[in-house]
Structures are given as structure tokens and as C-alpha cells.
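Number of protein chains: 2
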Amino acid sequence: MTNTMSNTRRYVILAPGVFSTRASKTAHGVVAYAKDPTVAVIDPSQDGKEVRDVVSYLDSNAPIVANIEASLRYKPTSLLVGVAPPGGALPADWRREIITALEAGLEVVSGLHDVLAEDPDFVAAAKRGNASIWDVRVPPKTPIFSGTAWAVKPFVLLTVGSDCSVGKMTVSLELTRAAKDRGRNPEFIATGQTGIMIAGKGIAIDRVIADFAPGATETLVTTHAPETDILFVEGQGGINHAAYAPVTLALLYGSAPDALILVHNAARTEIDGLGTPILSYSELINLYERLAATVKPVKVIGIAINTSALSDMEAKHAIQAAQEETGLPADDLVRFGPYAFYDAIAQQLYEKKPLRKGKTLPPTL
Amino acid sequence: MTNTMSNTRRYVILAPGVFSTRASKTAHGVVAYAKDPTVAVIDPSQDGKEVRDVVSYLDSNAPIVANIEASLRYKPTSLLVGVAPPGGALPADWRREIITALEAGLEVVSGLHDVLAEDPDFVAAAKRGNASIWDVRVPPKTPIFSGTAWAVKPFVLLTVGSDCSVGKMTVSLELTRAAKDRGRNPEFIATGQTGIMIAGKGIAIDRVIADFAPGATETLVTTHAPETDILFVEGQGGINHAAYAPVTLALLYGSAPDALILVHNAARTEIDGLGTPILSYSELINLYERLAATVKPVKVIGIAINTSALSDMEAKHAIQAAQEETGLPADDLVRFGPYAFYDAIAQQLYEKKPLRKGKTLPPTL
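If you read the sequences in order, they're chains C and P.
The letter at position 152 of the first sequence is residue 171 when you use this note's numbering, and the numbering goes up by one with no holes.
The letter at position 65 of the second sequence is residue 84 when you use this note's numbering, and the numbering goes up by one with no holes.
So that you can see chain C by itself, here it is in the shape it has in the complex (with noise of 0.2 Å):
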């Protein structure tokens, strides 16, 4: 099934004795950046207590309280599902737990890797509930690329990373906000598992099958409401990983951005997990503008370092070194927040772009 609600969602998150801990990221994100409220969170382990009591960058008061049915009285739309359990399969409380929201009519939005709408038990009980699940993960049959991003006519602005897990998403939740304030029209565009779910709508593109990754994102730029004047596209992966590039590329290509954002963490020298060497901004701003040169030819206009794990002298040095090393504007927009960054970039953005009318591919290679 898919995104079926248009409206406003009010969130009941679901995170028993996980809330508190770094599994919870998902969560976490939603709480921070969703456009819709979390209304309430569901932990036995710290029933009674504030969302701010018990994540402290968190700026929210929702109750957190023990199972689905205290939850209701805050009038909760939707159950989501953000924190993969221990273990990974889906244990019997939990279960539960989604069973009984369904029950009372609540959508249960989940980003488990297994497929909730595939479960007999969860559709039994969307069915007694007339109660739908998204599982944001599952990606909706879209076309090959076409070329028709390339006539997209809002502004478009892509973060690319020197690996995965750098921060691409916030940034690019940052910048729309900033551009909000600044009296613009953004759209956050998501594409991957937290950020639809902080959007409510988006396709996860390192789900799609390969030759249609391109073509999906496609779709995502394309689709838009009509006031919208600059689209904010999450970025994934990083070039030169060589487990997530290809969905890295996908992007790149498939959104056909007007600029790019690079996006890098400080405290990283090598690629997560697989050990190889994370690249210079240089060599990166390099790569990324060469392999678009000859499909749509787009330059990095700025960089954007998570510096969390610096103090704050070597953060600003490696902000300093960032824009010496490159001529571009350089910050840490979640530590010296989005505006001032923004402001450096702005200019470069809503500019009048050369608009291109893509050919049509073949259906098929």
C-alpha cells in the first residue's frame, strides 16, 4: 500500500524501551524536522515522562506513555513504526501494539524492512479497523529516466557526501527551513526511510531496482505542488562508496539539480564500514561536476561540515580549512544554525535557469 493520507497526520511513535537510546534515530528525526506533530511517544520504560526529558536536543513536550491505548486520548492519526527492533524480527509486544492501532482505525506507517501490508495478522486488522499501512520503504512502480527533470522549473538543490551518514538530510531539512523564513517556497524532497517519514511522502531510492533509480527520482522532482520555487533534494550515499554510489549517482542524475551541496563529516577519514579512503573536497567537488558535466553540468556552491564531534576552536579550523581549501562558503548549519550559510548561498539560488526538453528513452534496453 501506499502514502494514502493527504491531510495533516498527528504521530504516535512507536519505541518500547528503545526511545532513549541511538536505535531510535529515526524517531528522533521525525520529532525534530516533521511537518506533522508528534503527538505522543509509546515506551513503558519511561511512561510518564516528556519527550525533552528524555532526549535533550529534543524540544518537544509529548507524553510518553506505555502502551497504544493511553496514547489515544492525544488523538493520534497514525501509528509510526521508525525503530527496527533488536534483532530484527518483530516481537509479539509490538506486534500487539500495531495490531491494536489498527484495530482503532489508525494508518500505521512503518519503516521496517519487512512489509507490514504483507502480513495476514496487520491486514486482518486493517480491514476490522478500515485502517490503512504504508510501508515507506516499498517504492511505487515508476518510469526509466526520461529527461524530463531537465524541465523542472523550480530551483534545484542536491546535497551529495563524502560517505553515507554525514548529515545530507538534516542539511537539506536545514536549508528548507531557512529558505522558509527567508520568505521562499521550498519543498523538502525525500529519498530515504526518515526523511518520508518527516515529509510524509518521498520513495526510498536505495529500495528501487537499479535501472529505475534514476527514473524514480525523476518522478520526485517532477511532482510538486505549483508555487513551489526551490526543491531541497536529500542526498545518499557517496561517490566513491562502493557498496551505496550507485544510488548516489542515481540522484545525481535523476534529480538534475541547479547546485549542488557538499556535505561531510569532520571527524571521518575513511568510508563507513568498508574502510577505503574518504576524499578531498577538491577530488569530490571535482568528481561529482565532471560526471554531470555532459548531462547537466551543475557546480558545488558550498559546503557543509557536521562538526559534532569537534570542539568548538576545531570547528571553526575546520570550517576555515574547508573554505580555503575550496573558495566556497563553509558552516556547520546544525551547530551555528542554517541562516547564515544560506544567506552566502542565496544569491546563487532562484537564479533564471536554462530550461532543457528531455528526448524520450525506449521503454526498454
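A few of these clues could be false.
Copies of the same chain look alike in the list, so a pair counts if it fits in one copy or across any two.
Claimed, not checked - Derived lysine-lysine pairs resembling BS3-like cross-links, with alpha carbons at most 30 Å apart: (1) Lys318 - Lys94; (2) Lys54 - Lys68; (3) Lys68 - Lys318; (4) Lys160 - Lys44; (5) Lys160 - Lys220; (6) Lys54 - Lys172.
These are computed hints drawn from the structure, not numbers from a lab.
Note that this is a predicted model, so its numbers are computed, not measured.
Chain C is already provided as a structure; the job is to place chain P on it using the hints.
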């Protein structure tokens, strides 16, 4: 279902009304290159002729017959459906042939988009005949890329292209043949539909979920006979092809090649169907080598040119121009045979290569 036959197949090819046309390209490739013989072709419009009467460049006297019943005297083990029927959907007379073949106990090998093993009529017929169905496009489950490809013992040679459909599979097959004739133990690694039918095994990388495409490629190069001393990996797409480049990159990283052969069609100046420019040899070499440089360094060691659209004189000029631009051996391996080119690059193959132990990636992002 997957490939269930480990012994030699004897193919009867289903191509009613279309065996003489370009639509039967896959079938022609199987007749020309497959390790398994084609013992008959079904095409009532050519009944009574031999394959070489209908497709002049195929050196095969296999008979063309009217239907599956008439083919049985040639003792086929497998019906090969290598041709997409005009219009897409499977016509009734094709369905009848497939059902009759399954009831007669023949394996059915299909390269169609439609998954035959999900069709209740075919499943029932297979049960009645105790026969199997192999949908070659459906990939098996494979893990995320982990770096085990970096420790593969045989030399790995990957073909990379200036575009899709330029002849990468053919070049890999011709080099496999030359290496065998020179006394080596090569293996052709199939990564697309036609290649899989020719090799009798392989994975259609373009049909793998994007996140798993490098890992599927890694599985292919880490699974080979112990005596194999070189793997010729069939390339896909082109690195600046907006629709198919993610698959190209999955092969470049996933197969961890020790050398690359760049393949180009001399008549091509634009990316097929998209109208963006084809890169020069120098630019392509630079891009492929730079992408691989920090993952596993590799060099382009030769240029294979498809000159089928050129005169003899033009072909020689095109080959000479490629040699002068790149300083590398260049040739058309179909027009002039694979041996001169193979001998020119042979000293760089089979060199003792540095093995590198990969680390293991976490199972999910």
C-alpha cells in the same frame, strides 16, 4: 524459480514469425555464443529452413520447425523464450507452446519482463510435466557489497562503455574465446539477460534493488570454478548515461576489476535516446579510472571499437585514431577477430595481483 539445471542444455528457441528480425537479437546471441547448443528454432513462417538460411552470419544448421511438437525429435532439454513478443503481452499461441513444452517435461528459460513462474497456467503445466521455469531476469537475494571481491584470485577484466548497446557483452565473449584458445581457463561472467542465457547462469544487475547491485556483482565474481584464472565480466550502460549509469557504477565497484577494456560504437555521437553527448576516449578513461582510484585502483588497458556501421577503410582509420588518442591497443574484435587484440593485452593479464582483505559492512544503513 532459479537456474535448476547444472548440466548441458539443448535449446529449442521460441520465435514465431520473428526469428529473422532484430527482435530476435537475444536468440541470435544464444546461437552464436552459448556454451549450450541450439538444436531447433520454432518459427512457422520459416518452417523447413535452417538457421543459417535465415540469419546469414550464424554458422548453424539447426532446423527451423513449426511448433514445439515438431522440435521434440531433436531432443531439446529447454525451451528458450528470448524474444519479447511484438506489443509486449504474451500472445495465445506463444502461451500454448510454453504450456506444451512444460507438459513435455522441458525446462522453460525466459527473458521476458513478465515473470512466467508467477503465471498460474504455467505453474500448473510445470507441475504436470515435472518441469521447471527459469526467469533469467529475476535476481536471487544477495548481500550488500562487503569487499570480498577485493580478494578474488582470478584476474578480473571488466568491459566499460561509452554508452549502452555498444558491444560490451560481445567483446567479453570474444576475449573469453581467445583466452580459451590460448590455453587459459577463462570464465565469462554474465550480468544481463542475453549474457545469462549464453552462459547458462548469471545475474541481471539492472533488475537488482539499487542498494544491493554492487553486492550482487560481488557474488558473481566470488563464485567461480577453482581452476579459473581470468573472469571476463560483461559491462552494462555507460558512466554518463543518465538512466543506466548507476548499473555501470555498480559493476565498476562490485566486480573489483584488475583491468578495464573501454568499448565504443564508432557510429555513435550521442547517448542512445537521451541526446546528451558521448564522451571522448580520454575523458571516459579518466572518469572510470578516477572513480575506481580510491575504491580499488584499475587502468583501462585497451579500446574495443564496434565499427559495424563503417567501411573497411573507415574502420581502420577509427581504430588508428583511438590508438593515437589513448596510446592503447585498439581493434574491432568482431570484424578483425579477437586474437590480435588479445595478444596485445595478454602480457598485462594474469599478473600477480595484490589481494586486499575487505571489511564487513553492517547489514543495513
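Handout entry: Violated hints - listed by number, lowest first
Key = When the structure is compared with the hints, numbers 1 and 3 turn out to be violated.
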